[in-house]
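Enquirer: Spelled out, the chains give:
Protein chains: 4
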Amino acid sequence: MKNSFGSSVSITLFGESHGEMIGAVLDGMAPGIFVDEDFIRHQLSLRRPQGVGATSRVEPDDFKIISGVKEGRTTGTPLCILIPNCDVRSSDYDEDLLRPGHADYAGYCKYHGFEDRAGGGHFSGRLTAPLVAIGAIALSALRESGIFIGSHIAKLGGVSDRGFSNSVLDDIELLEDLPFPTLDEKAGEEMQQEILAAYDNEDSLGGVLETIVTGLPAGVGEPWFDTVEGLLSHALFSIPAVKGVEFGEGFGFADLPGSEANDAFLLSGRDIVTETNHNGGVNGGITNGMPLLFRCAFKPTPSIGQEQNTVNLRTMTEETIALSGRHDACILPRARVVVDSVAALAICDLLAQRFGTDFLNPEE
Amino acid sequence: MKNSFGSSVSITLFGESHGEMIGAVLDGMAPGIFVDEDFIRHQLSLRRPQGVGATSRVEPDDFKIISGVKEGRTTGTPLCILIPNCDVRSSDYDEDLLRPGHADYAGYCKYHGFEDRAGGGHFSGRLTAPLVAIGAIALSALRESGIFIGSHIAKLGGVSDRGFSNSVLDDIELLEDLPFPTLDEKAGEEMQQEILAAYDNEDSLGGVLETIVTGLPAGVGEPWFDTVEGLLSHALFSIPAVKGVEFGEGFGFADLPGSEANDAFLLSGRDIVTETNHNGGVNGGITNGMPLLFRCAFKPTPSIGQEQNTVNLRTMTEETIALSGRHDACILPRARVVVDSVAALAICDLLAQRFGTDFLNPEE
Amino acid sequence: MKNSFGSSVSITLFGESHGEMIGAVLDGMAPGIFVDEDFIRHQLSLRRPQGVGATSRVEPDDFKIISGVKEGRTTGTPLCILIPNCDVRSSDYDEDLLRPGHADYAGYCKYHGFEDRAGGGHFSGRLTAPLVAIGAIALSALRESGIFIGSHIAKLGGVSDRGFSNSVLDDIELLEDLPFPTLDEKAGEEMQQEILAAYDNEDSLGGVLETIVTGLPAGVGEPWFDTVEGLLSHALFSIPAVKGVEFGEGFGFADLPGSEANDAFLLSGRDIVTETNHNGGVNGGITNGMPLLFRCAFKPTPSIGQEQNTVNLRTMTEETIALSGRHDACILPRARVVVDSVAALAICDLLAQRFGTDFLNPEE
Amino acid sequence: MKNSFGSSVSITLFGESHGEMIGAVLDGMAPGIFVDEDFIRHQLSLRRPQGVGATSRVEPDDFKIISGVKEGRTTGTPLCILIPNCDVRSSDYDEDLLRPGHADYAGYCKYHGFEDRAGGGHFSGRLTAPLVAIGAIALSALRESGIFIGSHIAKLGGVSDRGFSNSVLDDIELLEDLPFPTLDEKAGEEMQQEILAAYDNEDSLGGVLETIVTGLPAGVGEPWFDTVEGLLSHALFSIPAVKGVEFGEGFGFADLPGSEANDAFLLSGRDIVTETNHNGGVNGGITNGMPLLFRCAFKPTPSIGQEQNTVNLRTMTEETIALSGRHDACILPRARVVVDSVAALAICDLLAQRFGTDFLNPEE
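Residue numbers (our numbering), protein chains in the order written: chain R, 1 to 364; chain X, 1 to 364; chain G, 1 to 364; chain L, 1 to 364.
Don't read these hints as lab results, they were simulated from the structure. Beta carbons are placed, not taken as given, at the ideal position from N, Cα and C, and that holds for glycine. Be aware that one or more of the hints could be misleading.
Which residues of chain X face chain L? A few of them, derived with a C-beta cut under 8 Å, are [what the hints assert, rightly or not]:
#: 1; residue: G15
#: 2; residue: E20
#: 3; residue: M21
Here's a subset of chain X near chain G, in silico, CB distances under 7 Å, partners left out [unchecked claim]:
#: 4; residue: R354
#: 5; residue: F355
#: 6; residue: G356
#: 7; residue: T357
Please model the entire structure based on the sequences and the hints provided.
Expert: So, in structure tokens, the structure goes:
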């Protein structure tokens, strides 16, 4: 299935940027999971634009769960969540002008012009709202099982944040309510200056998000081809603007010899652990019990106010386009909860395949 | 399915490093595709260890196709290829000693000790031999349709190769027969010096492979969640030692403002193309007709002669291990055809989903 | 995925009998397909209870398509349809009393009591409303490609209808608007008498629906394991009350020798056809160009007014139950459009796998 | 994937009737399962032709397991089994003559003539040999978990066998070694007379196999669309000649009123059971803890000695064909182990999805 992800726990997204509603269906989640609507609201609020350089399209995201929940708990049957689109305006630009860096042209080649291009249509980042709402359910289910996920902006505009410390749970807790998620406050302030400068310049910025997952049992994943890395990256690359995914040292392995890159095993009480975690918690595609660590590279928001060359699809002539409308100068602060959500869903799927339908059932 | 990849065109791998035979099944390939056994042999020869710092385990790879081919062409029904293991020796080390950086411990947690650990068992890089053999069929099928794939070592031991030029087909042709695939000869020589130094030091090196695919039609892939990036990375992360995958500028997008990162559209005759290709041929998860460009980060071979700390699974005591046996100091020269093969299979799958079973049929 | 069907064209159902809304997501349908809301309404009207022995719960089925359609045509991205539940009453019986023949107990064993049992919850036949609405889109898409589907009640209460004639299209047209779909009017009247008698007796009836599909190209389906029969039956058995599926002569083959059961080939102009169609249009799991013919056996509605023995889940005591509420004495007249819908969706999926995403695109 | 079945536990078949070898890959089976080669041999011997009216092509079926087993137990990684074809003769007929009732023509339409038609190629019943070998592993795994499967010929040539008694395990044990599997010896003798008569008449017979599965836990399966019935029938329709599948009363429900068809619940000690088992152990697509009961309708072997009308594909002229070669007059006695094998694989898949990878692990 194409617009779905997951084989045991799965999500299906639907809707368009300027349609009446968007939504998602979650299937395969264990029955009996507490559905915390306040936490969903909290996660949606972190996804909403805020601060300097953020779009002025602000949606209330008044979600409604129309199936799959009874008395505040998952029933085990499909859970559908709907979110109305409220602040929809007609486009600030001619929809026949292909926006550079966007999916307009690729989508046209695929859908022959029948696609809805208004506001990006089904390709819009707006679709991450139901993804975050569903992800919040997955995240709180994992928490009940002692699995925690947190992400911070590792790199943005030439500024780097510190990495996760050994007190990972403290780091994750620190990040939870931060609208601008960095572990080092000063780095965060500098990054925001960079975003402001880009905004003033009618430009945009990309960056890198780093994510950690603690509490995962060892022995989850498959060697060929459903590796933990493969399943996670499959899902993560759907997040608009993600163009790179790496685990552990990732591309940094190019500069490490084996003698430094290997993670030596040692005993911690009766448990086998590794001294370092260069492999990011995965060997041979399977979790080894250490924290799962990965990074996602985001390209800069393609919508910028500066004038760019493009082609008019209708007239087939070369023109220019300037997207002076409502756009983020940098989506990383908002994308953080999207990455957490996608990771949570992929991990629920991995756990369900390994441990069965009731993998997270509080009654079991 | 776990040890398979692909929904329309799929591959299933089986076998262990020290078993009698290993093999693969290819399903869903269009009927009528010419199966060039010489090209399969050529690709397997490029996968075989050679040059300085290479393992002394050399397999003849005498493959046999036992189904799915009639009179030199695919029948359209499952094609099974078998490759005998010949040069199998008992391990040079105690199999209860967990090799750092390997899947021994993760596999033990998953399979409870029933797994075959000899020579890495099912996790062994040896399994890439049938993958390359099957990949050769996919590669030659794509060639008949005007789609070409080539990879080079972009970075290794601090040395960088030049990128692909505008004469992409010349570059791909140049790489085809090179045992050490770099576009710049001098860079290749320096890299080999680095491998030799690591080898002398009983150490190993990782690096980055860069791959280009030309001739892909626009409009292939899905927005959520079967993006081109997601499907390719899903498959690529199965290749042993791959720990990062990026498309276009990838992690480099963190240092580019939107005004430089966007690919402006322009007309080339009656075709819409982009001036630059920072997005690596994919927008919104869908091909845009420009060359597909991606890079894979490889960690250094975990098997090194230097002594490392580890744990003995049987005695549950801390010990040391030195893997002085038959190992590569750097697998990138050999991994190149593996990446090409995996990419070819994933692309065949994408094309079959988009254009149907006969997507490559020479008769159509 | 569990609550979805189809790999290239797929449907996901969500909702519960007594929830606020139910709905479905259609994914993978070709772009540009005309969405005829009047035909959807027509199909939903045929699914609604009517005539003697029908439940008094009548829903207006005011559907709303919230995504995937632009200017009356499919966009190619997921299409979500919502149908509100209006006529919801609290149950006429204690939900802890297991209804014989229903899924109450099986569901309890699966969902540990977290499931919504009101009105059958997610198991309710009410879920076939969005299935029919989505199926209407698939049916009209197939029609544009010259593929027609029709079903009649072949057997009910000891009465048999005549089979499809050689004028299949006339038969299909005849059935289209019939609230009680039989090819022979008199047989239909007798069947309705049987239903009335069962209704008066607080009892219920099952029966057999027979379905024909014309215009399917030869060469669709797979030998192992995605046969036309396998994929269709997989989907058909989801329809509540279906307990048997047969193709061509089906169970009647037990009484035919090979010399009568085989379909001899002959030429019709330049086409190869068969003299008879005992195999129902499928050989070796693959269509042969003759009409696809299958039959579904329905068990009698398990909800009956007569007193039955059962167990109270809460008290774990044996009790009796009489379901005197709103139930159909026979669902076959209404189930007909459900079978047509499921068949249409499965066939769209088969065609998309064989011919690609644009299999039905009117522009191609 | 097309030539595979199962999402958690899966099988992939490859090979052709007249190729060098045929085989199968089993993936996702729990690690640690005892692989009883004697039982595999026993099952293969029951699949081999024997008795009156059986083909004279007799294969030794010397299978070889080349991966996935260590010290007699499954490793949890893919298990590949190979079976050589020995008794291969060139066809007794012109392969351009379409055999009525066979897949020759449907296959030609799908594979454009590139398919291997010799002896039926990939469509041949010969492919059921590796299916039975893999099925034997699944069957013995289920046995260790207290799940038993048995099938008998319920109907053949107008003769009916008795149904399963309340002593189901005795019945299953009785059937295990019978070359002609009927519960009633006399019925078996009469059926064999019918086969002999058909054989003498150069004709063939179909019939009905009935299968029971005991020991299945309640709560396995999904409501929409992965019902127990749907998954089983999906797999069962791949067995050559199966044209109908029914559960519980199946098509017999057409003649039962609800008051007789429902299965009343009652207490048996602390367990909830049903008084009757008309639903065949499944309600709402989910197991209810009662024995799973289903029947498969087989059409008569299409290969008969009598002359039949057909078309020559090469010359496109009408001709006649008589298949006087090596064919079974009735395949039901041999098909019995094929049905058991397919059922065992589908049930392992259902259990793995419900209870996880280790669903059958003896160590857990």
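Enquirer: Against which earlier hints does the structure fall short, listed by number upward?
Expert: none
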